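S.K.: Given the coordinates of chain A, assemble chain B onto it according to the supplied hints.
Chains as they are written, first to last, in the numbering used here: chain A, 1 to 553; chain B, 1 to 553.
Derived from the structure by calculation, the hints contain no laboratory data.
Given the structure is predicted, the values throughout are model-derived calculations rather than measurements.
The reader is advised that the hints may include incorrect statements.
Chain copies aren't distinguished; within one or between two, either way the pair holds.
Unchecked claim - Capping the alpha-carbon separation at 30 Å, the derived lysine-lysine pairs in DSBU-like fashion look like this: (1) Lys-457 with Lys-94; (2) Lys-377 with Lys-209; (3) Lys-391 with Lys-325; (4) Lys-177 with Lys-377; (5) Lys-510 with Lys-489; (6) Lys-325 with Lys-390; (7) Lys-73 with Lys-500; (8) Lys-2 with Lys-377; (9) Lys-79 with Lys-510; (10) Lys-540 with Lys-325; (11) Lys-156 with Lys-132; (12) Lys-156 with Lys-230; (13) Lys-177 with Lys-147; (14) Lys-254 with Lys-99; (15) Lys-540 with Lys-79; (16) Lys-325 with Lys-92; (17) Lys-218 with Lys-235; (18) Lys-512 with Lys-73; (19) Lys-552 with Lys-500; (20) Lys-254 with Lys-225; (21) Lys-552 with Lys-225; (22) Lys-132 with Lys-209.
Number of protein chains: 2
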Amino acid sequence: MKIVIIGGVAAGPKAAARIRRLDADAEITVIEKGEFLSYAGCGLPYYVSGVVKEQAELMSTPVGVIRDPSFFKNVKDIKVLNHTEAKSIDRKNKTVTIKQEDGSIDTIEYDKLVMATGATPFIPELPGGHLKNIYKLYGVEDAEGIKATLSDNKAKDVVIVGGGLIGVEMAEALVVKGCRVTMVELLPQIMTILDPEMAVLLTQHMESKGVKVMTNTKVLGFDGKECVNKVKTDKHEISADMVIMSIGVRPTTKLASDAGLEIGSTRAIQVNEQMQTSDKDIYAVGDCAQKTNLVTGTPCYVPLGSTANKEGRVAANDICGVDDKFEGVLGSAICKVFDFAAARTGLSEQQAIDAGYDVETCLSPAPDKPHFMPTAKLLMLKLIADKKTKKLLGAQAIGPGDSAKRLDIAVTAITAGMTLSQIAKLDLCYAPPFSPAMDNLITAANILENKIDGAYKGITFAEVKAKLDNGDDFTLLDVRGPSELEAMKIDAAVNIPLGKLRNRLNELDKDKEIVTFCKISLKSYEAALILQNAGFTNVKVMDGGLLMWPYKK
Amino acid sequence: MKIVIIGGVAAGPKAAARIRRLDADAEITVIEKGEFLSYAGCGLPYYVSGVVKEQAELMSTPVGVIRDPSFFKNVKDIKVLNHTEAKSIDRKNKTVTIKQEDGSIDTIEYDKLVMATGATPFIPELPGGHLKNIYKLYGVEDAEGIKATLSDNKAKDVVIVGGGLIGVEMAEALVVKGCRVTMVELLPQIMTILDPEMAVLLTQHMESKGVKVMTNTKVLGFDGKECVNKVKTDKHEISADMVIMSIGVRPTTKLASDAGLEIGSTRAIQVNEQMQTSDKDIYAVGDCAQKTNLVTGTPCYVPLGSTANKEGRVAANDICGVDDKFEGVLGSAICKVFDFAAARTGLSEQQAIDAGYDVETCLSPAPDKPHFMPTAKLLMLKLIADKKTKKLLGAQAIGPGDSAKRLDIAVTAITAGMTLSQIAKLDLCYAPPFSPAMDNLITAANILENKIDGAYKGITFAEVKAKLDNGDDFTLLDVRGPSELEAMKIDAAVNIPLGKLRNRLNELDKDKEIVTFCKISLKSYEAALILQNAGFTNVKVMDGGLLMWPYKK
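Bound-form chain A, shown alone:
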């Protein structure tokens, strides 16, 4: 059997290696346009920042062996043609036409073809876009260019265009390298994979580290002689010795579409659960292939190295006759940004509404370990659930606390279709160095179930802020204890500590709307119950508490 694989970065080599393990006799050829094979593209921001010292570490095995063509030949018995471009596919004759480094053209036969052509950074055509020191961050070459500019000490002012995952990771990397960083984002928020009230917490953290974040700002072009020195936007001009374009990537599909393979609604190559394209002898895996959202069953495009590896394995299994399938993704993502981690999985609140669910959400900020452990750090969770089935649809986390663990539990729970009640019963591993006795995710699941059951009504920060700004006649009731007031407070609020509330109900007007709040929304929930039981009929709890309040305190 002759297997040809186009693309040698992530999904391609994974498929090749798995096929070899399953079939000792298959003739496997990997075609790679660039020099580098199996390199860890996700590690590039850490190479720029200096966390990763050597380029070679990104493309070597854990014991330091470079994954070059001779490694693939000797260890895996896989033929690799690098510096070789696949120019076209002849599906009828089952051949791929390739162009080698010396310009020579050749054709290779295949029985099964795997397309792992990846994605291409989207770079809009802009005046001055040709200037030097305007980089993207996609391949090793980009990272080397950025590093060279940094080491020449030529980049003091850096503008990052696009506030997505790579943008925020690069913001940290460049601050670490001593740059003044401005992030410019066209949309009203950075990190659109997060809900707005989560993204604003990330923005505030980045700003606290010196990054200037400009949202709702459109880049119009670049100024400079040889090198860029200014970014022109629809707001004002920004000084820049270096620009990083990180607007996003698009699936690389020209070869596939030229060959007449079906392209999906997300512009990526359409595939089935075996990763087969519309031609059953051609597979597509990794960043060039369309994904399916596991919650909604609809197409989506989420290019990630983790998914690429899984898809490569499934395609290899199918090629070798091993039953397997890849059903889809949850759009899970995580990034480290200075002292925070930010993560998300499943549907965002808006995605859930758009998908037709009757949505309820909750915000739960709390220490990620018992409060008496000095290692405890703040973790802010948001859960999104379907009111009807009480199933978890999505989860987001941000803060210095351990987001990754809670989100990966949520990933598993959403994949299994668990309800909030089932999640709240999970026998998670408990000891004080690792989590509170009631884990943050369990507490959040209980809060959200209480809310769905009608135990209390929530109100968002934005709604409270609008009421304050409008001068609405309502009581904003802070139920924290006196010792908590100093650190932060909302000036317009009335304070009655929870422990005094039962005896001071007469101070409150039963006919007025009352919004209770505290630090983390637990006391305010108890306060709302006390008020409701005392006959107050218009009581709401401010979701998330003061810890997540995104406005001036």
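M.R.: Just chain B now, with coordinates in the frame of chain A:
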């Protein structure tokens, strides 16, 4: 409605608080024998070590309010009688007889009674057991006693009797305080909740930190005048200025059994999924109540604060007419021991065999982040699965890497009944600061599925060691590269690096059994495939690789 709750530490106050939230009018009384309410017993080792500075932190809310009777009265409208002992239950008249601190006897009526009587440390009757400085670690008083002895500088040599969770946590705490610590365990291994090959790695780590671990050793008694100065065992005597007895706990059930409530096969109070005892108006929650193993459906006894909280909430819900159930536990546990975390969930290998499963296991040691990240740390996983259904039955982890995250994913997956293939497809959150592109758990699930599918045969460390000790005629084949050999090796092994193996097959005897190994069992797996495809018929892969080899290297 009159609710009486016996026990004020974990499950009791949780039930009380939840009942109040659901029913503003219920008359709720909590009876607690000791002084302290809602204290974090699991934090005691960290109070002894000084990580937690003040006793008060263990019994206060996150904002520093002590949870004393007046807190419960003012904030929760719950009546707490501390220093009060429940002496008997009259089920016919629905009353509890109590004895207060001043010796006065009283009876309280209940409509619903919740027993949260906890557990009692098991202390065998031993000669000299009355001597001073022999402690258990169960309540705050024990911790204060240990701390006082430490601060008097009277405890240089400490013997910990019992190598369970509390024992190992205390070993670390006491080493931190400058003690010479010896751990004495009756059984052949410490931490019997771990499989032997995992426990031995923990033992080695503790020994590397100066703890002397004596297994298969029976304590016969203690010597000393006023204070203990010697522990007598069936091996030899051990100097000791202080002894910590941590053999385990037993459910406190006298009150329940005196009242004629059914006691389960584990000696704990029998309950249904609503936490009701054999008397439907009496509930039992927390460490006094029997649990159900979620995998096997059989009774078990796993006393943990995390479970206590969940059970307290379920009992409260049932009392207040809210549908809920607690189906059981996985025996999940985690502990920090010096630089290692050790964790387990589900069935151990032996438990799975005993439960009648056709069991396969794998060991997978690997960095918990991409190897190029300097923050990557070793994580050693063991998975236990059912060959027939390929469902995960249990998971264990040990090492400096992030055990907690992988085990909590496993908890969720086992609870949901996921297969290895489903686990390997989980869309876990990926970025280099948090995990490898193929997460450790995903890699381990793939390895175990390969093994069940017959891709290779495994062989355990113990089997290889026995072959070496017996002088069996077999080839132990090390397929690591030359650079890896220096750090550690097995002398009896032949080395052919994987990359050279295809060309050096003639050096190996086809008629001999060949056991391949490498550092983490990935190269050795590839080597086995190469050998099998070349016609070698008796090839095995040493599970876990050299990184987990528990014998002298």
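S.K.: With reference to the structure, classify each hint as holding or not holding.
M.R.: Status of each hint after checking the structure:
For a Cα distance limit of 30 Å, the shortest separation of Lys-457 from Lys-94 qualifies neither inside one copy, at 62 Å, nor across copies, at 38 Å. Proximity of Lys-377 and Lys-209 under a CA criterion of 30 Å is satisfied in both settings, with 18 Å inside one chain copy and 28 Å between copies. Taking CA atoms no more than 30 Å apart as the test, Lys-391 paired with Lys-325 passes in both settings, with 24 Å inside one copy and 17 Å between copies. Proximity of Lys-177 to Lys-377 under the C-alpha cut-off of 30 Å is found in both arrangements, the shortest distances being 26 Å within a copy and 25 Å between copies.
When the C-alpha separation of Lys-510 and Lys-489 is checked against a cutoff of 30 Å, the pair qualifies only within one copy, where the shortest distance is 24 Å, while the shortest distance between copies is 78 Å. In this assembly of identical chains, Lys-325 and Lys-390 lie within 30 Å of each other by CA distance both inside one copy and across copies; the values are 28 Å within and 15 Å between. In this homomeric assembly, Lys-73 and Lys-500 come within 30 Å of each other (Cα to Cα) only across copies, at 11 Å, whereas the closest approach inside a single copy is 76 Å. Neither within a single protomer nor between protomers do Lys-2 and Lys-377 lie at most 30 Å apart by alpha-carbon distance, with minima of 54 Å and 40 Å respectively.
Taking CA atoms no more than 30 Å apart as the test, Lys-79 paired with Lys-510 passes between copies only; the shortest distance there is 28 Å, against 79 Å inside one copy. For a Cα distance limit of 30 Å, the shortest separation of Lys-540 from Lys-325 across copies, 29 Å, qualifies, whereas the shortest one inside one copy, 46 Å, does not. When the C-alpha separation of Lys-156 and Lys-132 is checked against a cutoff of 30 Å, the pair qualifies only within one copy, where the shortest distance is 15 Å, while the shortest distance between copies is 68 Å. Taking identical chains as interchangeable, the C-alpha atoms of Lys-156 and Lys-230 lie at most 30 Å apart only when both belong to the same chain, with a minimum of 12 Å there against 68 Å between chains.
Taking the closest pair of Cα atoms, Lys-177 and Lys-147 come within 30 Å of each other only inside a single copy of the chain (10 Å); across copies the shortest separation is 47 Å, beyond that limit. Proximity of Lys-254 and Lys-99 under a CA criterion of 30 Å is satisfied intra-copy only: 16 Å inside one chain copy versus 83 Å between copies. Taking identical chains as interchangeable, the C-alpha atoms of Lys-540 and Lys-79 lie at most 30 Å apart only when they sit on different chains, with a minimum of 28 Å there against 66 Å within one chain. Proximity of Lys-325 and Lys-92 under a CA criterion of 30 Å is satisfied intra-copy only: 27 Å inside one chain copy versus 60 Å between copies.
With identical chains, the CA atoms of Lys-218 and Lys-235 are at most 30 Å apart within one copy only, with a shortest distance of 8 Å there and 78 Å across copies. For the identical chains of this complex, Lys-512 and Lys-73 are inter-copy neighbours only, at 28 Å across copies versus 77 Å inside a copy, given an alpha-carbon limit of 30 Å. Proximity of Lys-552 and Lys-500 under a CA criterion of 30 Å is satisfied intra-copy only: 27 Å inside one chain copy versus 65 Å between copies. Proximity of Lys-254 to Lys-225 under the C-alpha cut-off of 30 Å is found in neither arrangement, the shortest distances being 34 Å within a copy and 88 Å between copies.
Proximity of Lys-552 to Lys-225 under the C-alpha cut-off of 30 Å is found in neither arrangement, the shortest distances being 42 Å within a copy and 66 Å between copies. Taking the shortest Cα distances, Lys-132 and Lys-209 sit within 30 Å of each other inside one copy (27 Å), while across copies they are farther apart (55 Å).
Going through the hint list in order, the structure does not satisfy hints 1, 8, 20, 21.
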